[in-house]
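Visitor: One-letter residues, chain by chain:
Protein chains: 2
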Amino acid sequence: MSGIYPKSLEEVSSLLCSLPGIGKRTADRMALSLLDWEESELIRLSNLIGSLKEKIRFCQICGNLAESRECAICSDPKRDHQLICVVETPRQISVINKCGRFNGVFHVLGGRLSPLDDIGVDSLNINQLLERIRENDVREVILSTSPDVEGEATAAYLAEELSRNFAIAISRIALGIPLGSDLMFADAATMGMAIDARRPIR
Amino acid sequence: MSGIYPKSLEEVSSLLCSLPGIGKRTADRMALSLLDWEESELIRLSNLIGSLKEKIRFCQICGNLAESRECAICSDPKRDHQLICVVETPRQISVINKCGRFNGVFHVLGGRLSPLDDIGVDSLNINQLLERIRENDVREVILSTSPDVEGEATAAYLAEELSRNFAIAISRIALGIPLGSDLMFADAATMGMAIDARRPIR
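Respectively, the protein sequence lines represent chains A and B. So for the first sequence, numbering that gives the first Met the number 0 puts the first residue at 0; every next one is plus one. So for the second sequence, numbering that gives the first Met the number 0 puts the first residue at 0; every next one is plus one.
Rather than coming from a laboratory, the hints here were simulated on the basis of the structure. Computed from a predicted structure; not experimentally measured. Please note that the accuracy of each hint is not assured.
Claimed, not checked - Mimicking SDA-like on lysine to any residue, the simulated pairs with C-alpha atoms at most 20 angstroms apart in a straight line are:
(1) A:Lys54 x B:Glu40
(2) B:Lys23 x A:Asn96
(3) A:Lys52 x B:Glu10
(4) B:Lys52 x A:Lys52
(5) A:Lys6 x B:Asp75
(6) A:Lys52 x B:Ser45
(7) B:Lys23 x A:Glu10
(8) B:Lys52 x A:Leu34
(9) B:Lys6 x A:Leu34
(10) A:Lys6 x B:Lys23
(11) A:Lys97 x A:Lys6
(12) B:Lys23 x A:Gly20
(13) B:Lys54 x A:Thr88
(14) A:Lys23 x B:Ser32
(15) A:Lys6 x B:Leu41
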C-alpha cells in the first residue's frame, strides 16, 4: 500500500501477507475489505485469532489438532478405529478426509524423517504409534506420507518397523498419474512408477 | 474443514473465507498456518483487527482512509495539491498511486451515480469537491471513475458540473486496449473506442 493508507491498515496487510498463498495485493484487498465488516464480526475474528494458540492443542491419541483431550475424529464412534492412516501433519488429514473413501482414524507423525534437518525417529510420534497399535485392536495401517524422498524414506522405515512388531496389514497409498491430467505433462519419475505399478484390468 | 479440526479454527477459516479473493481452501490453509505463528504475532494481528474500525476514519479533505484528520496523501507537502484525481473509492487510489505517473492528490466520491441503487448527487462527495476547488487553487481535475456505464455517467455529470462552475482543466483517463494484451481478446466496445480515440503518431 506504500504509505497511502493508515498505518494500522498497512500493518494488518503485512501480517496477512505472511500467510501461505497470500500475496501483497490480496493482503491489501483483504485488509481494505475488513473495513466493510460489521464491528461485531471484527471483534469476533480478533478474539478468535487472539486466543487460537491457547485453545488449540494436540489430540492425545493421534496428534491431530483438538480443543479437548481427543480430536473430533478420535472421539467419533462412527469411525473405523481399527484402520489407521499415518500422515505427516494435521493439514494432510483434511485432504484424505475430503476424498470420501476413508472412514478410519489418523495418526500424525508431526513431520518426516529428515537426517539433514536433524529429525530422527525420536522427533516423530512413532513410539506413540507403536504403543497405540500394541494397546488397541488395529487391523490395518495405511502409510500416507508424501511421495517425495523423505516421505518415502519415512514410509519405508515405518513399514519395516511395523511388520517387525505386528501381524497387521500395512499399505501405502497408490502413487501414479493423477486423474484428469494429461500424460504429456507427467514427469519421468511418476510415469516410470505408473508403468512399474500397473494394474492388470482383465 | 468439515468437522475434523477444532471449532475455533473452523470459525477463523469461515470468517476469512468471506474476504474477497479467499476461497474455502485458502482460508483453511491460512487458519492452519496461523497456528505456526508466534503468540505475540497472533496477539498483534488480533489487536489490529479488533481496533481497526475505531482507529480508521475518512480524511476530512479528500475522503481517503486516514488515522487522523488528514490522510497521508493530503498531508504530504511534496504532492501537487493543484492537481486532483477524482476516484470512486479509496481502493482505486492505490492503483493510480502505484503507476508512478501521478503525483497530485485525490478526491474520493464514495461511489458512483446509480439511480437504480438510489445513489444520486447528494449521496456522493460531490459538493465537497466543488467546495474544495472553490476554496483552493486547483489547476486540473482528472476524472478517474471506472469506464463502465455508471462510472461514465458519473464522469460525464462531473465534467458538466465542473466546467459550468470553474475555469480549470478537466480531463478523463485514457480508455483503450490495455498494454500487454492480445488484440484478439479485446471486446468490441473497447476496440471501437480505441479506434475512435486513436492518436496521430506523426
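Visitor: State for each hint whether it applies.
Guide: Results of checking the hints against the structure:
no.: 1; hint: A:Lys54 x B:Glu40; in the structure: holds, 16 angstroms
no.: 2; hint: B:Lys23 x A:Asn96; in the structure: holds, 15 angstroms
no.: 3; hint: A:Lys52 x B:Glu10; in the structure: holds, 14 angstroms
no.: 4; hint: B:Lys52 x A:Lys52; in the structure: violated, 25 angstroms
no.: 5; hint: A:Lys6 x B:Asp75; in the structure: holds, 15 angstroms
no.: 6; hint: A:Lys52 x B:Ser45; in the structure: holds, 12 angstroms
no.: 7; hint: B:Lys23 x A:Glu10; in the structure: violated, 24 angstroms
no.: 8; hint: B:Lys52 x A:Leu34; in the structure: holds, 6 angstroms
no.: 9; hint: B:Lys6 x A:Leu34; in the structure: violated, 25 angstroms
no.: 10; hint: A:Lys6 x B:Lys23; in the structure: violated, 29 angstroms
no.: 11; hint: A:Lys97 x A:Lys6; in the structure: violated, 40 angstroms
no.: 12; hint: B:Lys23 x A:Gly20; in the structure: holds, 12 angstroms
no.: 13; hint: B:Lys54 x A:Thr88; in the structure: violated, 39 angstroms
no.: 14; hint: A:Lys23 x B:Ser32; in the structure: holds, 17 angstroms
no.: 15; hint: A:Lys6 x B:Leu41; in the structure: holds, 18 angstroms
Violated hints for the displayed structure, listed by number in ascending order: 4, 7, 9, 10, 11, 13.
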